[in-house]
Amino acid sequence: MNQMEMIISVSSLEKSFKGLKVLKGVDFTLNRGSIFALLGSNGAGKTTIVNILSTLLKPDGGKVKICGYDVVRQGMKVREHISLTGQYAALDEVLTGRENLRMIASLLHLPHGAQKTEELLSNFDLLDAGDRRVSTYSGGMRRRLDLAMSLMGSPSVIFLDEPTTGLDPQSRFVMWKIVKSLANAGTTIFLTTQYLDEAEQLADHVAILNDGIIAAKGTPDELKKRMPNGTVELVFNSEIDMEKAYSLLIEYQISKNEEMLTINIITDGSVEQLSDILNHLNRSDVSVSSFTQKLPTLEDVFLALIDEKQEECNQ
Amino acid sequence: MKIAERMKCAIQVSMTMCKRCVLLAMRNLDALFAGFAQPVLLMILFVYVFGSSIDVGVANYTNYIVPGVILQCIGQCSTITAISINNDLKKGIIDRFRSMPISKSSVLTGHALAAIVRNIITTALVIGVAFLIGFRPTANLEHWLLAIGILLLYITAITWLSIIFGLISSSAESAQMIAVITIMLPYLSSGFVKTESMPTALRVFSENQPLTPIIEAMRSSLMNTSTDGNLLIAILWCVGIFVISYVVAVKIFERKVAK
Numbered sequence: 001m002n003q004m005e006m007i008i009s010v011s012s013l014e015k016s017f018k019g020l021k022v023l024k025g026v027d028f029t030l031n032r033g034s035i036f037a038l039l040g041s042n043g044a045g046k047t048t049i050v051n052i053l054s055t056l057l058k059p060d061g062g063k064v065k066i067c068g069y070d071v072v073r074q075g076m077k078v079r080e081h082i083s084l085t086g087q088y089a090a091l092d093e094v095l096t097g098r099e100n101l102r103m104i105a106s107l108l109h110l111p112h113g114a115q116k117t118e119e120l121l122s123n124f125d126l127l128d129a130g131d132r133r134v135s136t137y138s139g140g141m142r143r144r145l146d147l148a149m150s151l152m153g154s155p156s157v158i159f160l161d162e163p164t165t166g167l168d169p170q171s172r173f174v175m176w177k178i179v180k181s182l183a184n185a186g187t188t189i190f191l192t193t194q195y196l197d198e199a200e201q202l203a204d205h206v207a208i209l210n211d212g213i214i215a216a217k218g219t220p221d222e223l224k225k226r227m228p229n230g231t232v233e234l235v236f237n238s239e240i241d242m243e244k245a246y247s248l249l250i251e252y253q254i255s256k257n258e259e260m261l262t263i264n265i266i267t268d269g270s271v272e273q274l275s276d277i278l279n280h281l282n283r284s285d286v287s288v289s290s291f292t293q294k295l296p297t298l299e300d301v302f303l304a305l306i307d308e309k310q311e312e313c314n315q
Numbered sequence: 316m317k318i319a320e321r322m323k324c325a326i327q328v329s330m331t332m333c334k335r336c337v338l339l340a341m342r343n344l345d346a347l348f349a350g351f352a353q354p355v356l357l358m359i360l361f362v363y364v365f366g367s368s369i370d371v372g373v374a375n376y377t378n379y380i381v382p383g384v385i386l387q388c389i390g391q392c393s394t395i396t397a398i399s400i401n402n403d404l405k406k407g408i409i410d411r412f413r414s415m416p417i418s419k420s421s422v423l424t425g426h427a428l429a430a431i432v433r434n435i436i437t438t439a440l441v442i443g444v445a446f447l448i449g450f451r452p453t454a455n456l457e458h459w460l461l462a463i464g465i466l467l468l469y470i471t472a473i474t475w476l477s478i479i480f481g482l483i484s485s486s487a488e489s490a491q492m493i494a495v496i497t498i499m500l501p502y503l504s505s506g507f508v509k510t511e512s513m514p515t516a517l518r519v520f521s522e523n524q525p526l527t528p529i530i531e532a533m534r535s536s537l538m539n540t541s542t543d544g545n546l547l548i549a550i551l552w553c554v555g556i557f558v559i560s561y562v563v564a565v566k567i568f569e570r571k572v573a574k
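Protein sequence lines correspond, in order, to chains A and B. Per our numbering, the very first residue in the first sequence carries number 1; after that it's consecutive. Per our numbering, the very first residue in the second sequence carries number 316; after that it's consecutive.
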């Protein structure tokens, strides 16, 4: 099979809810066997995209093809090739793990459903819990069972909508391992996340959704080159100091939090720049009570992207 | 050949959905027990407490009220159907089903089939208790089959009506409102007292509402007397409620899930 074969293509995708435009022309493509991460803050429209791609929601405009089939006109064909693991666990609480899996096997008319059920239970470390009701499972176990149910039909594409939101760090790590092994086995993975580190860990392609469009896309490395190297958070003793510092540092990419009396400054990560900033404040008699250097977060990326766009507008 | 295969798949999907709903109901035995216990207690109350002071023109009051009690039992069960549909809609599992290569309405069909199974079991139990406290039908086999036929039609109709309630309600509590129709209507019919004994307005209502001909037709066939015109009216009501409810339920479901 051709490694670079395109499996998902999305062009000019649009969707509004009650007159509010959530997606304003989204474009991206995915190759077979890749892990694609769609990044975006809460309410950016990530789940809307997943719902349209998994045929749950009809788009207002644009074209979406999965495995060569149109999601609107050939929904049934698309559904034969995909599987969805949504944000909320899609399982029956009062049934056991084994019963949940067997039900899916039976709905898919699998000839060896019972055998596949045992396989999945063992792969996902749920054999001991197989006969317990799902209501007794931990959050991590639910996610694993949920994912196992999605894999019952051996789909070519699997959608994971925020697969690790609300999980403890250990369960999160287990989830990452599972996703990686799925991709190694040739499944194409489309995941959404709010966490930059998750995208970095897993994805070979990343797209950032902001304000209804894909603001940036590429490999994690490509994107990081566009990102600032770090943020410095300055903490002040008084509002006066904070306001003064804010006006002094206005030439930087900067944001302030009035409640916490803090200012965030995007820097290139160098010691020189940091000492420049502190010296500048010192010379003007603004006292800084403490500072912390933070690793780039999704917010920083957004801030950088939004600034870039504004500059483009101004020019 | 291909069509036959497709039919087989569709049936298997519906049966799996049905099995799922039966399993869900089995894990909630309290509700199932209430569906059976409430009408039985009511029957005992009517037979032993009010029975002696209600004149319905027949010697055996138990024989008279069994059809009404059964309809109430079906009414009680309908609340379980409405609640379970409503619960399903709120959970992620419905999205999983919708993203699978199966017919969208199979979820509803599964619920309906399971509801019919539940109803048959609880109704059989109610009839069993009725026999213990003096129910003595005189129907021959043919009339028994006729009564059971009417019963199945009524169960199907009420099941789809309760599915609508489950679909349109914002919560499980409001889904139970189906009970206002299915449990109250037997009281306002010839189920427990003769309509002649009611005040005029109520009598006009009860003589023209669907449950009266259904109850009359069932009672007549169980007691081996002529069903007169009631049988046809009963069948028309049941089929009418079923067809309209089915169409409306599927429409609402499609609109609801297609956001």
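Since the hints were made in silico from the structure, they are not lab data. Heads up, the beta-carbon is just placed ideally off N, CA and C, and yes, glycines get one too. There may be inaccurate statements among the hints.
Listed next, the in silico BS3-like pairs over lysine-lysine satisfying Cα-Cα at most 25 Å (straight line) [claimed, not checked]:
#1 A:Lys63 - B:Lys571
#2 B:Lys406 - A:Lys294
#3 B:Lys323 - A:Lys21
#4 A:Lys180 - B:Lys419
#5 A:Lys18 - B:Lys509
#6 A:Lys224 - A:Lys244
#7 B:Lys323 - A:Lys77
#8 A:Lys77 - B:Lys571
#9 A:Lys63 - B:Lys419
#10 A:Lys77 - B:Lys509
#11 A:Lys18 - B:Lys323
#12 B:Lys566 - A:Lys77
#13 A:Lys58 - B:Lys323
#14 B:Lys405 - B:Lys419
#15 A:Lys21 - A:Lys177
#16 A:Lys58 - B:Lys317
#17 B:Lys317 - A:Lys18
#18 B:Lys317 - A:Lys217
#19 A:Lys77 - B:Lys419
#20 A:Lys58 - A:Lys21
#21 A:Lys65 - B:Lys419
Computed footprint of chain A on chain B, listed as stretches where at least three residues anywhere in the stretch have a Cβ under 8 Å from a Cβ of chain A [what the hints assert, rightly or not]:
#22 476 to 484
#23 528 to 541
#24 552 to 560
Quick rundown of the hints versus the structure:
no.: 1; hint: A:Lys63 - B:Lys571; result: holds (24 Å)
no.: 2; hint: B:Lys406 - A:Lys294; result: violated (38 Å)
no.: 3; hint: B:Lys323 - A:Lys21; result: violated (43 Å)
no.: 4; hint: A:Lys180 - B:Lys419; result: violated (32 Å)
no.: 5; hint: A:Lys18 - B:Lys509; result: violated (54 Å)
no.: 6; hint: A:Lys224 - A:Lys244; result: violated (32 Å)
no.: 7; hint: B:Lys323 - A:Lys77; result: holds (19 Å)
no.: 8; hint: A:Lys77 - B:Lys571; result: holds (22 Å)
no.: 9; hint: A:Lys63 - B:Lys419; result: holds (23 Å)
no.: 10; hint: A:Lys77 - B:Lys509; result: violated (59 Å)
no.: 11; hint: A:Lys18 - B:Lys323; result: violated (41 Å)
no.: 12; hint: B:Lys566 - A:Lys77; result: holds (23 Å)
no.: 13; hint: A:Lys58 - B:Lys323; result: violated (29 Å)
no.: 14; hint: B:Lys405 - B:Lys419; result: holds (16 Å)
no.: 15; hint: A:Lys21 - A:Lys177; result: violated (36 Å)
no.: 16; hint: A:Lys58 - B:Lys317; result: violated (29 Å)
no.: 17; hint: B:Lys317 - A:Lys18; result: violated (42 Å)
no.: 18; hint: B:Lys317 - A:Lys217; result: violated (45 Å)
no.: 19; hint: A:Lys77 - B:Lys419; result: holds (14 Å)
no.: 20; hint: A:Lys58 - A:Lys21; result: holds (14 Å)
no.: 21; hint: A:Lys65 - B:Lys419; result: holds (21 Å)
no.: 22; hint: 476 to 484; result: violated (count 0)
no.: 23; hint: 528 to 541; result: violated (count 0)
no.: 24; hint: 552 to 560; result: violated (count 0)
Of the numbered hints stated above, those contradicted by the structure are hints 2, 3, 4, 5, 6, 10, 11, 13, 15, 16, 17, 18, 22, 23 and 24, listed in ascending order.
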